[in-house]
Every structure is written in C-alpha cells, then in structure tokens.
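J.: The primary structure of each chain is shown beneath.
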Amino acid sequence: MKIIYTDVLVIGGGLAGLRVAIGAQRRGHDAIVLSLVPPKRSHSAAAQGGMQASLGNVVKGQGDNEDVHFEDTVKGSDWGADQKVVRMFVNTAPKAVRELAAWGVPWSRVRQGDREVIINGQKVTITERAEAHGLVAQRDFGGTKKWRTCYVSDGTGHAMLFAVGDQAIAQGVPVHERKEAVALIHDGSRCYGAVVRDLITGELTAYVAKATAIATGGAGRVYRVTTNAVICEGIGAALALETGVAALGNMEAVQFHPTGIFPAGILVTEGCRGDGGLLRDGAGHRFMPDYEPEKKELASRDVVSRRMEEHIRKGHAARSRFGEHLWLDIKLLGRRHIEHNLREVKEICHYFLGVDPAEQWIPVRPAQHYTMGGVRTTHTGESPTLRGLFAAGEAACWDMHGFNRLGGNSVAETVVAGMIVGEFIADFCESPAGDLDIPTALIREAVAAERARLDVLLHGGGAERADALKIEMQQIMTDKVGIFRTGADLEEAVTRLQGLLVRSRNIGLRHHADGPNPELVTAYRTQKMLKVALCIANGALTRTESRGAHFREDFPRRDDAAWLKRTLATWADPSATLPSLAYEPLDISAMELPPGWRGYGAKDYLDHPDTPRRVEELQRLRERLEGADRHRVQAEIMPYEHLLPERFRGLNERIDERLP
Amino acid sequence: MTETTPAQAAAAPRKLRFHVLRHDPRDPGSVAHTEIFELEEAAGMTLFIALNEIREQLDPSLAFDFVCRAGICGSCGMVINGRPGLACRTLTQDLPADITLAPLPAFELIADLSVNTGKWMRGMSERLETWVHTVEQDPDLRRIEATMDPDLADRIYELDRCIECGCCVAACGTARMREDFVGAVGLNKIARFVLDPRDTRTDEDFYELVGNDDGVFGCMTLLGCHDVCPKSLPLQNQIAYLRRRMARMALG
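Going line by line, the protein sequences match chains A and B.
Numbered by this note's numbering, the letters in the first sequence go through residues 1030 to 1689 in order.
Numbered by this note's numbering, the letters in the second sequence go through residues 58 to 309 in order.
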C-alpha cells in the first residue's frame, strides 16, 4: 500500500484550493493539491462577469465601502448568512483584488473622462474621475447598491485562475492531477487525509495529512439543466457527508441563474444585465419592471429567476422547438461594447446558438448555477465536528451566502476564503491540535474498504446501470426540486431518490478495467451524488418557509420565527436512505443587520420576536455613537476583526478614504 | 461556420459515422485502431453531446475529456477531421456525416481521445517561469493598487485569454520534430509577460528562456498554430514580434 505524507492535503485545484495551498505553503507547510483535471481547467475559469470588492474607483461606485457590501450581501442571503463571516469577507475582498493585481491579473481599468453607458435602457454619459485613471474598474451587478464588480472583460475567472495557478507553480506547490479522493480517512473525531484513486491507472493511494481541505466546488450536476462544468458533482460534500461526523449546511439553498442559454444551459454572465442588457418576453416586452420596479433586471438572482418563471407560467414565453424560453437583449449595448467587454458571451452565442448578440436576442431560461450549501465550517474554515477537516469556496458552508448568493460574490469568496482559511490551516498545523498521531491500521483499513467497494462495482455483477440512475436523479432534481417547490413534489422527489439510492447499491458494470474506466467513475460518483441530492431534497421538504433561492409555493413567506436557522445534514448510518437533519439557530441579538425587507422581492415575512428588540437596541447604540467614525460604530455593534488572521486585518484605502 | 440556428437545422436527421482512434497504452494487449460508431444526428448536437451518447449507449469504456463544455476550459482539444479543435463547441451540423476523431498528437496519450496536456503545460510553465516576477514579494494589500494604462491592461488580457488547450502544439511542425519546443502557447505567454510592466524581467532574462531552437528560433513560421487557435489569439504577430526582439537581443 502506497502512503504519501504531507502537512496539508487540498482536495480540489480551483481558485479556492490553490489559494489555500499557496497560503499554507507560504507559512512553511508542505501542501499537495489533488485535482480531477489540470487545475487551470477547473470550473473557476467559468466565472465570467467579475468579483465584488468595494474599491469604489468608478464614479458609480463612489461612496462604496465594506458597510455597503456587507448590507447587500446579507440582504442577498435573505438573512441566512453568518454576518460575522460576511464582515470578514467584505473586509478582505479589496485586499484579494489588490493581491491578484500584484500577481498579474489584467483587471480592466478606469479611463478618465466621459463615457456612454446604458442604465435602465437609456444611454447615459458618465464622467470618470482623473484620480481614478488606471485603477481597477467596477461594473454593475444584481442586488448591489453600488458598481462593485471588478472584472477582466468577461473572462474574470479565467484570468484569476491562471494568475493563481501560475503563482502555485512559482511557489512549487505540487498538483497531483487526475487524482480523485474517494474517501476521507478519519476515526470519528479527527480527519487524517484521504484515500485517493488515480484516474489513469486506477491505483489507490493513502494521502495522510495534518490538515485536509475540501475545495471541490459545487454540486450542480445533480441537476439535469445546469451551468456547471461536468466535474461539479458535489463529490467533496459527499466525502464529508460519508464520514457520518461532518455536517452539510443548507443544502436546500440552490441558486438558479437567470441567463443560461436555452436549451444548453451554458452561462452568459450577469454582466450582460449589469452593463444594461434587458430581459424580454415572447412579445418583445421588457417585463422585469412590471414585477420589480426598484431593481428591475438587477434584483438578486433568486428573485429575477422566479419572476422569469412566473412570467413564463402566465403564458408570455417565446417558443422554439426545444420549448419555452425568454430573451436576453444586449443589442442595445452596441457591437463595440460586446466585442470588448462581453467577448466570451459573443463566442458562446456564436458557437452554441449561431446567434450574433449584437444583432439578435439571446434565448435564455434560468438554470441551476450555484450551491450555497456545503461542508459546514466555523469562521476558520474547519468542520466543528471533525477536527482537521477544512473546507473553502463553493464546497463550504462558511457561511457568507445564506440562502442566496449575489453575483460576483462567489469568485470573490474563492480567493478570500482561500486567503483566510489558508492562514488558519497554517495555524492549525503549528498548534498541538495539528499533531498527527495516526494508527497505520486506520490507513490500511480505509484503503481496504475502498478497494472492496470498487471491487464490488467492478466484479460484483450488479444489475443496475449507473448512467441510467444518474440521469433519472438529474431529471427528478430539475423537475421536482427546482425554482418553485411544493410539499407534494418534494415528497415524491425524496421517495424516488431513495429508491434510486437503494438501486445504486446494486450497480454493475459492462466494462471491467480498473484503469481509465469512465463507467466505473460514474458508478461510484452516482452513489455519492444521490446522497447529496437527498440532502437537498429532504432539506427542501422539511423547510416549510421560503427564503432566498428556496421557494415553497405552499409556504411562500419567509418565516423568521420558525426558520431563522441553518439546516445541518449528517449521514451516520451508511445503510440509511435519508440524512439526519438538525438545525442551528441564527442569533438575532448578535446581528449587525437584523432581518427586514431586502429592497426587492416579497415584502411580507414573519418576524422573529427578537427582531424588534434588536432593532431598538441598535437604534439606541447608533444614537449614542452619533458622529463617530463608521469603523468605530461597526466595531461596537458587531466586533469581528479579531476573528481575521492578523495578516489580513486593517482598513482598506480608497480614493475617498485615504490611509495615513 | 454556417449561421444556421439549431432551430433551422433539423429536417430529416442524418446518420453520423464517428471514426474514433482508440488505444489504451497501459494495456499490453491494446493495438491502436479505428472504431466506428453510428449515431442519429439531433438538432444542436455538439461533439460533447455525441461522444457522451456514444459512451452511454454504445461503449462505456470510451475515454475522452470534457470539463466546462462551453469552450472556455480547453480540456477537449482533439483532432476533428484532421484539424485540432475544441470538441465541445463543434456542432455536428458543420461537419460531414463521416467524422474522424483522434487524440491530439505531441502529448502523452492517456487513452483513446484523452491526452495529458496538463503535464505538458505544467512542464512548460516551470521552464518558462510563466508568472509575474516582482521584486516586492509582499505588497501592502491595504493600499490602493498600482495604476495601469487601460489600453495596456486590455492588450495583456488579449494574450492572457490562452486556455492551454494544446491545439497550437498539435498543429505545430516544430513540435513534431523537437520534443522540448515550447510551442505557440509558450511563446505567447512570454510575449504576455514581456508586455506586462509588473514583470521585472529584462529582455536578457527572456532571451535565456526562449532565445534558442526550443524557443522562438525553433519556429518555422508554418503558423498552423495561428490557424487553429480556438481563441483566435494573434499568435502570428506575437511570435514575429518576439523573434525580432530576441534577435535584436542576440545581436546586441
């Protein structure tokens, strides 16, 4: 049996994983990154529109700061987020953009003087300040008060991933490509690494580490219609779940992006609407202002997606041979803008639709896009129940997105969480808690168990076909656990998924090679994906309210009194067909921003009895501190800076907020 | 590329014949051979859809690589009817009914249509040190970032759009003859860092990296790279520019 020892094992080679590894290695700890694919092919590269950070360089971002970014993010989350984590995030995001600028990301820059932009369907001339010339530019995105999204044309994730990937190479971080973690090694309280399968040779190796970090991205591929890459199958979340000890948080919180191209589901960026693009119905009518007079096309994604589906239900869709859809109109932005700032969009439209978006409208319909839930962690990124297991990025429930993530906050989270969690992992490795004391029997047994599982699949002669089960699961999730959910649909989904899970224990293969065998990979992943799908469906069935992206037609109101809490799913018994659900309440008395109206979407919700008390308390506090500097006020209301690693504390400088 | 939309394409479905080059180099019994798979064409069908259908319905062992399936990650480079390209965004409607698929040459074969571009690219990046070399290792992240001319940022991004798919290497005459040739992908990266004022390396430093026959002087200007680049990078200009600059360097 082959064993590889390292300080830090990072599972996943996207932006979050790479940044975690760089951070740990910079502190002197050896890190190994495992990646299913060459790391620069990770799904981080698909982030197009940009990353939010309150630099406030452009004139439409003037006045932006951490406070505004904080409010937007918490409202976006429909109060599901951990507000201290949001504070940590918004204070670090500008530092992340500046770090990436130093690492070579060619951020689009501000050009001083007049420029013509489209706002609310109208041409408007805005004038950029001379003192901002050459600084990182921002564009508008949904659910934000200010223009805050820093971008590289519409290839932001690509440019970030290549810069960070190249930094990892510069620092000599080894990336073990085409390696897949198939189980975590643990003793019920401490994680010691993972059993890893080589996707080329089929060989199993034990990777033993002081700290193990899951950074495997989202679970979009449990749905049939998704913007996600084919490797985004929620396997990292499943690995944590299968320990029976680590919990998954808020798995029912699934985001649907308004503009997947129809029918392929490939993403075109929110930047299309941020830059002035409009949504139109079958009759060509711009319908969003009818539903959302305040934010129109730029309400949060959960709201826009619901409004689109609502409009389709009312019979206003456009129709093609593939079914019903709506239109995204970016013609009005002009060819020059499209070919300069939306060039990936142009390529995607050209190759997949045969459409020139400077001349024609783009057929779109909401598609699964983002997994707000994930491996539940504390603010340090560590599992509160399985010591030595960390998670970062989309795979984690850290939890800065709550029940709906804002556009531009995910690619920002990858690097920000990578920075912060990387430091905490280094701290962990340096502390007595990081000491490694593992019986070799535990390693041997873990590898033997996985070998046995694979052998049953390869040679057990099971009667079920893995791809058929997977396709059925994806169809159930898209049909029954989508944008609009009902108790009846969800019950049906849970029952049918349970049936599939039972059948998946009897999968057999047609192809029996242990090396590069795609059928074997589908088989063991489908078994894991079904558990993740059940966490989503069962969490959605049990949560009898609507919050953020989780919308129950039979319980349309947000219910803070009963449901201001985080779902925690665990799977202790491997023979069970359902996760165990527990709930972690969110403490209003510690919130900086108590629950209220988001500024878009539904206005009626059921208040928690603690809310008025906290609102009053905060009002008194603000009155007492009137005239004090905003940082002092914030620190009095909800102190958080002590939670950040020392390296990333401190104020952020802006044109209008100079540091001494 | 025709301008027909998927909606216009349909009529009577064609029978497509895929001639796929197959081999598992780790299996001592495997001999490289062409296998033919037949599928009925569907509207809007890409090679991503077709290959997955073949795997689901006809042969579960067929090896190939896709990740984003949207033309942005560079995983699915393969030789399509003799020409390197991205399979995911190739519509079958733009191809004849007989479609030959082969793995990209010049890279280590994993199996069938899957090649190890990752290993090649990492090796190239290590040799050419494809990262911004700065003096300041730890900039003060609280401070306002350094400015950059907006046009220059755009020009750097133009070259930064490379997705390391390997099509340029597969289409390169020199790469067939010289195993260590860095390819258009490597030369484009150097051109990108030459352009970037944040990188403190001098022409002398760059000459050390690419001023030889495995670098810019190995290029025979056949420019297959330029013709096949899925991102339409200006490879011809960049290689010519780099060659002039490096030649000037050599001549002192």
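Hints are supplied without guarantee of correctness; some may be wrong.
[What the hints assert, rightly or not] Listed below are several chain B residues computed to face chain A (Cβ distance under 7 Å; list not exhaustive):
1. 95
2. 175
3. 204
Treat the hints as calculated values from the structure; they're not laboratory data.
Since the structure is predicted, the reported quantities are computational estimates derived from the model, not experimental observations.
Glycine included, C-beta positions come from ideal geometry on N, C-alpha and C.
J.: None of the hints should be skipped; say for each whether it holds.
T.: Hint check results:
1. The interface hint given for residue 95 (chain B) is broken, as the beta carbon of that residue sits about 19 Å from the closest beta carbon of chain A, more than 7 Å.
2. Given hint, residue 175 (chain B) at the interface with chain A, holds; its Cβ is 3 Å from that chain's nearest Cβ, closer than 7 Å.
3. Interface restraint check for residue 204 (chain B): the shortest CB-CB distance to chain A comes to about 3 Å, inside 7 Å, so the restraint holds.
Checked against the numbered hints given earlier, this structure breaks only hint 1.
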